[in-house]
Amino acid sequence: MSNPASEPHTPQGLLIDTTRCIGCGACSLACAERNGLPVPDTARRDADLSDRAFTVVRAQGGRFVRRLCMHCDEPTCASVCLVGAFRKTAGGPVVYDESRCIGCRYCMQACPFTVPRYEWDKVLPRVRKCDLCAPRLAEGRPTACAAACPTGATRFGPRDALLAEARARIAAEPGRYLPQVYGAVEAGGTSVLLISDVSFAALGYPDDLPHEALPALTWRVMSQVPRFAVTAGVFLAGVYWITNRREEVAAEQGRPAPGDGPDAGREAP
Amino acid sequence: MTATTWRELPAAVRSQVAVARRWGFWGTLAAAFVAIGAVATVQRFALGLGRTTNLTDHFPWGLWIGLDFLGIGLAAAGFTIVASVHIFHVHRFEPIVRPALLTAFIGYVLVMVVLVVDLGRPDRFWHALFMWNPHSVMFEITWCLILYSTVLAFEFAPVALQRFGITAPLPLLRKIALPFILAGVVLSTLHQSSFGSLYLIVPGRLHPLWYSPLLPVLFFMSCLAAGLSTVVFLCLHVTRYGRRRLPVAVLPDLAKVVAVVLALYGLVRLQDLADRGVLRAGTLGSYEGLMFAGEFLIGVVAPLAVLALPRARRQRAGLYAASTLVLMGFAANRMNTVVTGLESWPHTTYFPSWQEIAISLGIAALGCTLFALAARYFGVIPEGADDPGQGSAEQAALPAGLPLPRRRHFALLALIPTALLVASLYATSVLEETAETGQSPPPPAPPVDLARGLAAFEFPRDVTFERGDGSPGAVTFRHLSHVDARAPECASCHAAGFSLLGRERGGPAPAAGVMHDDRQCGRCHDAAQDCGFCHAG
Chain A
3 MSNPASEPHT
13 PQGLLIDTTR
23 CIGCGACSLA
33 CAERNGLPVP
43 DTARRDADLS
53 DRAFTVVRAQ
63 GGRFVRRLCM
73 HCDEPTCASV
83 CLVGAFRKTA
93 GGPVVYDESR
103 CIGCRYCMQA
113 CPFTVPRYEW
123 DKVLPRVRKC
133 DLCAPRLAEG
143 RPTACAAACP
153 TGATRFGPRD
163 ALLAEARARI
173 AAEPGRYLPQ
183 VYGAVEAGGT
193 SVLLISDVSF
203 AALGYPDDLP
213 HEALPALTWR
223 VMSQVPRFAV
233 TAGVFLAGVY
243 WITNRREEVA
253 AEQGRPAPGD
263 GPDAGREAP
Chain B
77 MTATTWRELP
87 AAVRSQVAVA
97 RRWGFWGTLA
107 AAFVAIGAVA
117 TVQRFALGLG
127 RTTNLTDHFP
137 WGLWIGLDFL
147 GIGLAAAGFT
157 IVASVHIFHV
167 HRFEPIVRPA
177 LLTAFIGYVL
187 VMVVLVVDLG
197 RPDRFWHALF
207 MWNPHSVMFE
217 ITWCLILYST
227 VLAFEFAPVA
237 LQRFGITAPL
247 PLLRKIALPF
257 ILAGVVLSTL
267 HQSSFGSLYL
277 IVPGRLHPLW
287 YSPLLPVLFF
297 MSCLAAGLST
307 VVFLCLHVTR
317 YGRRRLPVAV
327 LPDLAKVVAV
337 VLALYGLVRL
347 QDLADRGVLR
357 AGTLGSYEGL
367 MFAGEFLIGV
377 VAPLAVLALP
387 RARRQRAGLY
397 AASTLVLMGF
407 AANRMNTVVT
417 GLESWPHTTY
427 FPSWQEIAIS
437 LGIAALGCTL
447 FALAARYFGV
457 IPEGADDPGQ
467 GSAEQAALPA
477 GLPLPRRRHF
487 ALLALIPTAL
497 LVASLYATSV
507 LEETAETGQS
517 PPPPAPPVDL
527 ARGLAAFEFP
537 RDVTFERGDG
547 SPGAVTFRHL
557 SHVDARAPEC
567 ASCHAAGFSL
577 LGRERGGPAP
587 AAGVMHDDRQ
597 CGRCHDAAQD
607 CGFCHAG
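Note that the protein sequences, when read in sequence, are chains A and B. Using the numbering used here, the first residue of the first sequence is number 3, and each one after it goes up by one. Using the numbering used here, the first residue of the second sequence is number 77, and each one after it goes up by one.
Pulled out of the complex, with its shape left as it was, chain B reads as follows:
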């Protein structure tokens, strides 16, 4: 960027670019992801879904749908925190309302972007607004997404308006806030659970470890834990660098809520599986069983173990670990529902293409970048404004009980997802190999017993062609003379130009010479000889 263009930029953009510059490693990484994602997006729209994804007729929903599930779940904090503060008046969580709203808003906008990328006809996304089918869960979700995003925009509007120094509409916004808040909470509850309802209709296809009549309830409960963990994680992360201050002291409280919800979720999940008789050794020993065990251990058991220690709840490292585990387990659950659980019937395997992965990473990076930029730009996380002169922001933000984590904690944490990723990649490649070797050579078709079919065989009726100009006589084609009733065969003529349906409406006489030529009757008969052989009528 040259100096002149730099100066020409509006001040707002310039300050953001400056922020991005200060970002260093993470910023660069995010920019790289977004750039690769952009290339993949262009490819996806230019070449179509078939050439840029590994989706197939048997596996029509893949990574992107999983990403939507994830994004919506992670954004669940928006309504839980708003509900606690504004409806239940738990004022302790007030400072995290704004970050939660921002997370939710960005999450929803990006989910809608991914949905459009995933649509086979993105040019028709607007049909969803005008063509209604109230029986479709997707219909309900679409409307909840749209309405809730609007609500979020309203809820976030005061923050943005204040930033731009527009204060006039604020009192009005405050007055009409309550209906919006109520609507937001109701809408969220509805569509968070509806994402589970999407799969209620596939009892035969989704593996019983994930299919359950309780899917909507399970989805709702798990999104509560995941949404709150996202806020915990983001708050810890944003306050790491010290410039921003957040009363991190509320985080242990939040973590307690997470633990309660998570424990409830775990109980309901296990009870449901036990009730339906799925928790058998045979099921648990399978590939699906292992994936379920992984999801449950990482996402429920491990974080509960961490959160059960009061000491861990009061330490950044403990909170980091617990929230990361919940998020990973949540991601595993949604991905298992969308991918693993659907691979068994019809038997198929799916691993996303590089474009699918690149677009997903790009969108995720975009989300993080937007959050970081917006959080700074809109002052979502206050910069020591409300109690100045209390020493460094970092110290003010952190009560004595919340020591900074050590580096090796992070190293350990980073190890877990890496190991998981490698393991799942390995599992998929092994599966694909066995699927391939299982398919070639194709299993020899068992001999088919034709006796009964042949007994029922009837020759198709005779066809008398309409006479063309100068035809020496009507020609009647008899299948009787052409088809061996002991081994009937039709493709030699009907795959080679003779119509099966053409005579139904007494179609026009064949064009001059056509019937004689060596692609039709002339293929087997010598049309130059004995005209009466055919023109018998």
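Pulled out of the complex, with its shape left as it was, chain A reads as follows:
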């Protein structure tokens, strides 16, 4: 795990320009080398991410397009993980601490980009995914994939600068690009940005993601839990007190207990 002290302090990221990708696969080869993964078959154009491939280049929608962890600004995986095995670092990478993971796979179920992969063949498996080369970033070097890319289709830099560059490229050649930087706002913004001349849906990226960070959807409910617990507790205690008192009074007066209807046992959900 990278030393937090030497992590870059401005969020870094990647800009992927699908119009520049020639499908050479150098990014996936470099990724495999950096992560000690088996050498990928770069001739395959339909490869999927796996526990042995943290990035792949696919031919889809008439373009070569990379697939990798998007490194969300507010990661869903980090939000759902009950033991806090995922963490968004200040420098951009969303990193995974395998020593905490208990293998519930909620991250895999919840990731809006279906990125995390599991070591299904192992008896004691880990979740595997791209870590944006966090240790390399800590040494001030770019990600392996960006270092290997011969066309600048994958570019590394501070996210702000990349976003500005993406917008500049689009503005300079409006006919060449769709007027959208994917990842600028999708799922609340991601460290990995894409620009393209074909729709992102055609490239296999989900195009219906909310522009709000997904963890907010749960947090809106979760943050109410303490207040709800207290309110419900007080309410129920109140009900108990009232019904109990009614019974005591009834007993004193020698009447049968009131409120003994079948619907009395409901409370508002």
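Mixed in with the good hints, there may be bad ones.
Unchecked claim - The calculated EDC-like cross-link candidates involving lysine to aspartate or glutamate, where the alpha carbons are at most 16 Å apart (straight line), are: (1) Lys124(A) / Glu100(A); (2) Lys124(A) / Asp133(B); (3) Lys124(A) / Glu141(A); (4) Lys124(A) / Asp199(B); (5) Lys90(A) / Glu100(A); (6) Lys90(A) / Glu76(A).
To be clear, the hints were calculated from the coordinates, so they are not data collected in a lab. Just so it is clear, the structure is predicted and the values come from calculations on it, not from any experiment.
Assemble the complex: chain A is given as a structure, and chain B must be docked to it using the hints.
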């Protein structure tokens, strides 16, 4: 079992085994399920999840998670009945507090067992206690499960203690009971709805027929109906054989509550779907639409139709039918949320492996067995103790209005789930077939326009190797001489041993002879000739 070992067993175990022996068909069946489940469990732990389940990267949660959802929902009676009796003082339901508590306790313990079986790292389940992430719904659920199980243990403790003849702590337990009861109800409300909240974060992945911002509310309402139906069902079942008596007369009342809750749930569900514009012909005609229709008709419309008839509410057959329908519809709803609703994106199909099914059935059978044994052992359902001498227990338990059902009613009831199972199996196999035929041959990748990429192509920089011992001169490798800029290709060297990253930190000189050999430069060059061709520096 030989006679000697039989006698050596403690009396308690012996009496239970004796009970199990009396069980006959159902007992044997349960034992078989548990045994097969045990074999599957051993396999799961020995071989890992990948080899024993049909879970995949695209479908990481399957039958077991569905089973957890089911178990928790069915155990909801524990808190609803406790709340009605102890907080709202509806004393009429008092006799079913114990069965409800027992159902809940067994349900929760088994759900935790299933959760551990499902964990990729079961050896680390305890991390959940010490590593906190309060943003995770799973975190809240875990803590609610643990705390509520503790509460249930406390609530059930008096029953167990009485059975063992320990009465000393009873007054104390009674005194501290109220906070536990309140905590139990609050905790249950929280986590029952949180099971729905688990999916709030997947708006893009879960089909809109099941994804809703109201998921927590819907989950809570449906678990109320399902939990109460479980109690109705179990009470009817346990009293069928006559030895146990329960004031079955409360069941029609319970059924009325079920009807009210169910009707409310149905309204909220439909209203929510309509508000979000999901109730369109296109959606309803799809596979998901059919599954939704099935779930809703079986679990809401049909039981409401049955319960709407006062006559049916007062008959065992009617109650049986209604509660069974509610439970089936509930199961369908949870399974649809966990499986059907998640099959469309990313496009995938899932059908559990035999181990997943066997472990699920085994756990379910274990639950039923535990309930039956515990119900008898702890006297959860009184055996005519409170009003002796009233003739046979069966007669005392059943008011005249509750005639026994006929055999064919059961046959009919059994038909419905069987038909459903067959239908869903068929649907899955058809889907899988189309998915397979749709995948092979893989769709030919459309021609990719490379012009812009090639225009941007730059040769990677030259690499000057560090000189090894006795090297005749520095060698510079130029991509310019090796890569065709019109059709760049990298794998022939970089997938075959040449490092892309090795030179970054000016790594050590290559080991003697390595660069010459026929796996590296020597693959294409004749290193024995013209040393200066390479050693030019």
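Hints and how they fare:
A C-alpha spacing of about 14 Å is found between Lys124(A) and Glu100(A), which places the hinted pair at or below 16 Å, so the restraint holds. Taking the CA atoms of Lys124(A) and Asp133(B), the gap is near 14 Å; set against the 16 Å cutoff, the hint holds. For the hint linking Lys124(A) to Glu141(A), the alpha-carbon distance of about 32 Å lies beyond 16 Å, and the restraint is violated. A distance of roughly 14 Å separates the Cα atoms of Lys124(A) and Asp199(B); the hinted pair therefore holds under the 16 Å criterion.
Distance restraint check for Lys90(A) and Glu100(A): the Cα-Cα separation of roughly 15 Å lies within the 16 Å cut-off, and the hinted pair is therefore satisfied. Taking the CA atoms of Lys90(A) and Glu76(A), the gap is about 7 Å. The hint holds against a cut of 16 Å.
The structure does not agree with numbered hint 3 stated previously, though it agrees with all others.
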